[in-house]
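There are 2 protein chains.
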Amino acid sequence: MSNGGGVLSSTTHLLDFLEEPIPGVGTYDDFHTIDWVREKCKDRERHRKINTKKKESAWEFTKSLYDAWSGWLVVTLTGLASGALAGLIDISADWLNDIKEGVCLNAMWFNHEQCCWGSNETTFAERDKCPQWKSWAGLILGQEEGPGSYIMNYFMYIYWALSFALLAVLLVKVFAPYACGSGIPEIKTILSGFIIRGYLGKWTLLIKTVTLVLAVASGLSLGKEGPLVHVACCCGNIFSYLFPKYSKNEAKKREVLSAASAAGVSVAFGAPIGGVLFSLEEVSYYFPLKTLWRSFFAALVAAFVLRSINPFGNSRLVLFYVEYHTPWYLRKSTRFGKYPVLEVIFVAAITAVVAFPNPYTRQNTSELIKELFTDCGPLESSQLCQYRSQMNGSKAFGDASPNKPAGPGVYTAMWQLCLALVFKIIMTIFTFGLKVPAGLFIPSMAIGAIAGRIVGIAVEQLAYYHHDWLVFREWCEVGTDCITPGLYAMVGAAACLGGVTRMTVSLVVIVFELTGGLEYIVPLMAAVMTSKWVGDAFGREGIYESHIRLNGYPFLDAKSEFTHTTLAREVMRPQRSDPPLAVLTQDDLTVEELQVIINETSYNGFPVIVSKESQRLVGFALRRDITIAIENARRKQEGILLTSRVYFTQHAPTLPADSPRPLKLRSILDMSPFTVTDHTPMEIVVDIFRKLGLRQCLVTHNGRLLGIITKKDILRHMAQLTNQDPDNIMFN
Amino acid sequence: MSNGGGVLSSTTHLLDFLEEPIPGVGTYDDFHTIDWVREKCKDRERHRKINTKKKESAWEFTKSLYDAWSGWLVVTLTGLASGALAGLIDISADWLNDIKEGVCLNAMWFNHEQCCWGSNETTFAERDKCPQWKSWAGLILGQEEGPGSYIMNYFMYIYWALSFALLAVLLVKVFAPYACGSGIPEIKTILSGFIIRGYLGKWTLLIKTVTLVLAVASGLSLGKEGPLVHVACCCGNIFSYLFPKYSKNEAKKREVLSAASAAGVSVAFGAPIGGVLFSLEEVSYYFPLKTLWRSFFAALVAAFVLRSINPFGNSRLVLFYVEYHTPWYLRKSTRFGKYPVLEVIFVAAITAVVAFPNPYTRQNTSELIKELFTDCGPLESSQLCQYRSQMNGSKAFGDASPNKPAGPGVYTAMWQLCLALVFKIIMTIFTFGLKVPAGLFIPSMAIGAIAGRIVGIAVEQLAYYHHDWLVFREWCEVGTDCITPGLYAMVGAAACLGGVTRMTVSLVVIVFELTGGLEYIVPLMAAVMTSKWVGDAFGREGIYESHIRLNGYPFLDAKSEFTHTTLAREVMRPQRSDPPLAVLTQDDLTVEELQVIINETSYNGFPVIVSKESQRLVGFALRRDITIAIENARRKQEGILLTSRVYFTQHAPTLPADSPRPLKLRSILDMSPFTVTDHTPMEIVVDIFRKLGLRQCLVTHNGRLLGIITKKDILRHMAQLTNQDPDNIMFN
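If you're matching them up, the sequences are chains A and B in order. The opening residue of the first sequence carries number 1 in this note's numbering; numbering runs sequentially from there. The opening residue of the second sequence carries number 1 in this note's numbering; numbering runs sequentially from there.
Don't read these hints as lab results, they were simulated from the structure. Positions of the beta carbon are idealized from the N, C-alpha and C atoms, including for glycine. Be aware that one or more of the hints could be misleading.
[Stated by the list, open to error] Simulated DEER-style distance windows between Cβ atoms: (1) A:Lys-49 / B:Ala-652: 52 to 62 Å; (2) B:Pro-579 / A:Ser-546: 21 to 31 Å; (3) A:Pro-523 / B:Leu-141: 41 to 51 Å; (4) A:Pro-523 / B:Trp-533: 39 to 49 Å; (5) A:Gln-575 / B:Glu-600: 40 to 50 Å; (6) B:Lys-55 / A:Ser-546: 24 to 34 Å; (7) B:Asp-375 / A:Lys-49: 43 to 53 Å; (8) B:Lys-202 / A:Ser-546: 16 to 26 Å.
[As the list claims (entries may be wrong)] Subject to a maximum C-alpha distance of 30 Å in a straight line, what follows is the list of computed DSS-like cross-link-like pairs (lysine-lysine): (9) A:Lys-691 / B:Lys-40; (10) B:Lys-691 / A:Lys-49; (11) B:Lys-49 / B:Lys-248; (12) B:Lys-691 / A:Lys-40; (13) B:Lys-559 / A:Lys-248; (14) A:Lys-559 / B:Lys-245; (15) B:Lys-691 / A:Lys-290; (16) B:Lys-248 / A:Lys-712; (17) A:Lys-54 / B:Lys-559.
[Said to hold, decoys possible] Listing some non-contacts, in silico: residues in chain A with all C-beta distances to chain B over 10 Å: (18) Cys-41; (19) Thr-504; (20) Ala-719.
Given these sequences and hints, build the entire structure.
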């Protein structure tokens, strides 16, 4: 790259070669959309500079090596931190969850299971009971059994649940309002190129980690999977500040965040490949192949860190936590919404009061799902497996495989499961939207798994008692094991989660990695496809897209197709009734006139044209850049007055002898603005915006400038076409 | 969509509303590049028409349902056919391969293994020998042992190998020249939007299937994985002709082909998820999320069909076949190249002569890889496992796990493996490029696996004899099993294949699906990453990209970054020394003048401008469309003479009273051509071409037309910048 060639450099349209870059030009305001093309150009320019410099000295060469490796370093760090935090959260939540029921006398910091590990006195069936672990009734009243202790335990359970919930909501409210919810809709929006400062900051990370533990332990119907994705993205964002390549470039930073979200799902479910596909399918916007590879690496690192921490003591299943649920629009208008703390306490109280008496709602949701997925083997002591054996009617626990008539335990379990199903559905609807970290994955899966298991047991009993029915006759003879209720639960869980989030491949791969059986991939696929089709019949949006729309974020979904026949000229501004387009001419405005135009309008940028007569387009200048440049010039350059001429051309215009020094603004002029003709179908325009990540596009007719289309214009137009309120789109 | 609104319809720029579409307009010539934007617009227009019509009658509604489901139908059919064909190829190749060594007396159509299944006389260790199976020496000379039979068997082996190879090359040469090679480079090119008629046709499919069996059975150092991808794509292409949605739209057809290539890899390796990732990472160009989901479905269907055919009788491993290998540019200049049949015979003869005496080269390559991957367990009878047991020095077969000193069998195996390695490397280099169906995956994996196993055994013996060395001291004590030579082989295979193809995530997932161990994913990743980095140090191209470049296909790689600082005005034509740009004015050309312009130039299209003076751009017209439209008009419309005025405007220009009837060509005018300014950095232009799939783009300066950039211009420019011959890019 010779010096003479510098004039031809790709950034001439951004920064003039001969001038110092003006500080602040090229950055973004909060709640604004980034320009992907410009960011990518900036990165390539940086890369070229480093490549040129690296031959100069050993130090520069080392710096260039560091720069080249920083991508791998940042995803490694992110993977390590995500795995470690996930392990920490798992262990803490487990411990706090058991605190609700009792305490370990030997060592306060042991949870129930760890407390009883050392105990040799217990049999396998009663492995939960050991003298070291005292329920609250046992500790306070000195007795473990009886109605008094039951009430005491019930009371302590509610007390702890409320304390945890209160602490969580207060921490969120006071320190980090962004820590509430699952965070996935906002992360999708950020990845699509939107700026929300502080959403992925260190305070959010800290508070989200702490309150996530509290919220899970409080027993609310929520999960930690979605929030773990947010936690991992916070790690990615924080580590990206160590590397100038990523901290100073919004587009490159989003590559790290894509990898981080893969790591988040990887630790949430122990599913590294599923995590990568989730990042690709669900959250990411710009996903080059390099990011695929780095996401995979981050997901693996995170999964292996989590496995070596081994929070569940079995090094295999990292199954099932909780997230929020479907008809959440209900919650936008509750009167409680104004009092988030009261609301959390209220929901937590109801959850605790109702959940305690039913074993299926009292237990940890992930354990519930695991139990529902498990088939009845000879060692299974669960109530769900109390079948009457055919050989020996009195035997309580089932042996190997054939379908058997249900025993009393199964009937009790069925009733409890039905109640749990109703309870879970209602509570999840109300829990979603609370101002605490709340995920949706696990509650959805739990609801699906309960429904699936109920159906599975029902079909099993039908098949047993009516094996001569046409549907069963061929493949379901007496004494064979033709119905597997656990598989029904698994399929139900996948279907329910699929219906809520509309995930496809990533969901199948996550469930397949969770359960480890390639054989079940066909029923899983069938279930996910059916639930997606049924869901799409009611509306094509998944929960995250709905959330984004409700919050009014400017998110141009890459999945939904634009099927209307409008043309660019019908969407562009100005329309006939509007005031004319605010444009700048390239060399006959004064500083004062420019300031008037800026003050009288609120547009983010202005097209620059040759002259009002020809309307031929020269380039595009951003409002923010113009303001910064004028301020900078008046502070640093002498002789710049309000009457100074402003010019965007290479050479200053010829001026009368007594005129003040003119101001050259070519350095902030984007000389390669995107243009389309007024006859371009909007489907092409939408495609260009999506694929190139544009912020605005100019509209011409036969070479003359006609108007402008911004991302917000497109979103408003799409909202209008689907009869939604276009004023919902709030940000730029 | 009202009739009045039809004028605003998105296709006004393609087809005029009031006129009949001219037949032939909108199709492509062979060896030309498609325009993705136009194809996608056509599809959306079709979709809208069907949606409007479906309310008219029950028949139209049924048709719209059929149309909506045709995507799923076509991928299902493709998956079914790919799975079935793969099973057929596996079984036939196995049978033909065994024919080289002998024949089953009871049933000619049984291969060696099937022949001996029924035999009860043999022990487990000698399960390959049974009286029903006769070697050729046994059949012809009547004796199975002795030097005479060895030579007889050797001769028959060569005879059959040469016959198969000769038949294969003749069939390819006479009936379907496109059936040779692996086909993956061409499929990549086709998927990127290039037309090669007949490449995926029924003749190619038939001949490729038959000759693939012959080529594999001939014992040449090639594999069937890559060709299976070609076979699957042929199926996808043929089935897409059943559905107008896909047969008439080149962009939609490529969605089916992406899914088909996933199905191909899925059946080649039994790795459905790996297949989807391969399609995404390696071959596909335009891969929307809908295609991800359909690819996954096609891959699953294909894998399950193959599994139910169960060609290997174990329903688990569908391991390892063959593909071509790395320094193949050697082969472009051989004198043999002109005589493809002779060449194949020559290579086949050498392969057969050298391969027979060495057991590791005689055996089926996939079986070799399986043996190399396998660890030595107590039941393993392989020569590779003849360790001396420490407890009992004379015991030939190893028991469970600890590392042991090598026995004589292992030393023999080591020598044979070294010879096999050299032989495989040389033969694979020469086999790749033969005019028979030839894949590269399996030979590469075999080379890597042999090298890996050799290193593994060497390290194992080092660790055994020198366990006090610093590197072994900590973790490798006497009597423990610290070195697993099988794992070395697996890692070597992945690394070698990774170096050849530069695949990353998909390769790791394929090998992980093949071997089923998530534990080995970390060494696999490390190996693939290292080999990619080492390979990239020699040049960033994988084998398929090199092949595409050598063949001169116009392929704009989505992976490689454009890092130069050139601007659009340096790449566009005309440059200063060139003749001026051939343009059409919108309303003052006659038919004769238009024909002169078309005949004197060879451009694919012409910009249409308002007038020569203003140079303001109106639109773009394709050469092919103009020719067809003029011919059509002169045939069908009366009064069109050579002196007729041609106009592209909405209304006819005012003409003198005696002038002949003017010809309106607005219907073929693309009124939304893509434009960039002359100052646009080429990196942005390349990005636009890649992401939107453009064929050409016009260059303007301050609203005036300056020049044009085509995909070929970009490829030539990129070749120039990397000091390659720009005339290598041959097609448009």
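Hint-by-hint comparison with the structure:
1. A:Lys-49 / B:Ala-652: 52 to 62 Å: Given about 57 Å between the Cβ atoms, the range holds.
2. B:Pro-579 / A:Ser-546: 21 to 31 Å: For Ser-546 of chain A against Pro-579 of chain B, whose Cβ atoms are near 58 Å apart, the range 21 to 31 Å is violated.
3. A:Pro-523 / B:Leu-141: 41 to 51 Å: Violated - the Cβ-Cβ distance for Pro-523 of chain A and Leu-141 of chain B, about 57 Å, lies outside 41 to 51 Å.
4. A:Pro-523 / B:Trp-533: 39 to 49 Å: 41 Å, holds
5. A:Gln-575 / B:Glu-600: 40 to 50 Å: Holds: the Cβ-Cβ distance is about 45 Å, inside 40 to 50 Å.
6. B:Lys-55 / A:Ser-546: 24 to 34 Å: For Ser-546 of chain A against Lys-55 of chain B, whose Cβ atoms are near 28 Å apart, the range 24 to 34 Å holds.
7. B:Asp-375 / A:Lys-49: 43 to 53 Å: 52 Å, holds
8. B:Lys-202 / A:Ser-546: 16 to 26 Å: 47 Å, violated
9. A:Lys-691 / B:Lys-40: 14 Å, holds
10. B:Lys-691 / A:Lys-49: Since the Cα atoms of Lys-691 of chain B and Lys-49 of chain A sit roughly 26 Å apart, the hinted pair holds (cutoff 30 Å).
11. B:Lys-49 / B:Lys-248: 15 Å, holds
12. B:Lys-691 / A:Lys-40: 14 Å, holds
13. B:Lys-559 / A:Lys-248: This hinted pair holds, its Cα atoms lying about 24 Å apart.
14. A:Lys-559 / B:Lys-245: With Cα atoms ~20 Å apart, Lys-559 of chain A and Lys-245 of chain B stay inside 30 Å; holds.
15. B:Lys-691 / A:Lys-290: 16 Å, holds
16. B:Lys-248 / A:Lys-712: 35 Å, violated
17. A:Lys-54 / B:Lys-559: 24 Å, holds
18. Cys-41: 6 Å, violated
19. Thr-504: Thr-504 of chain A is in fact no farther than 10 Å from some Cβ atom of chain B, at 5 Å.
20. Ala-719: Check passes; 20 Å lies beyond 10 Å.
Checked against the numbered hints given earlier, the structure breaks hints 2, 3, 8, 16, 18 and 19 and satisfies all the rest.
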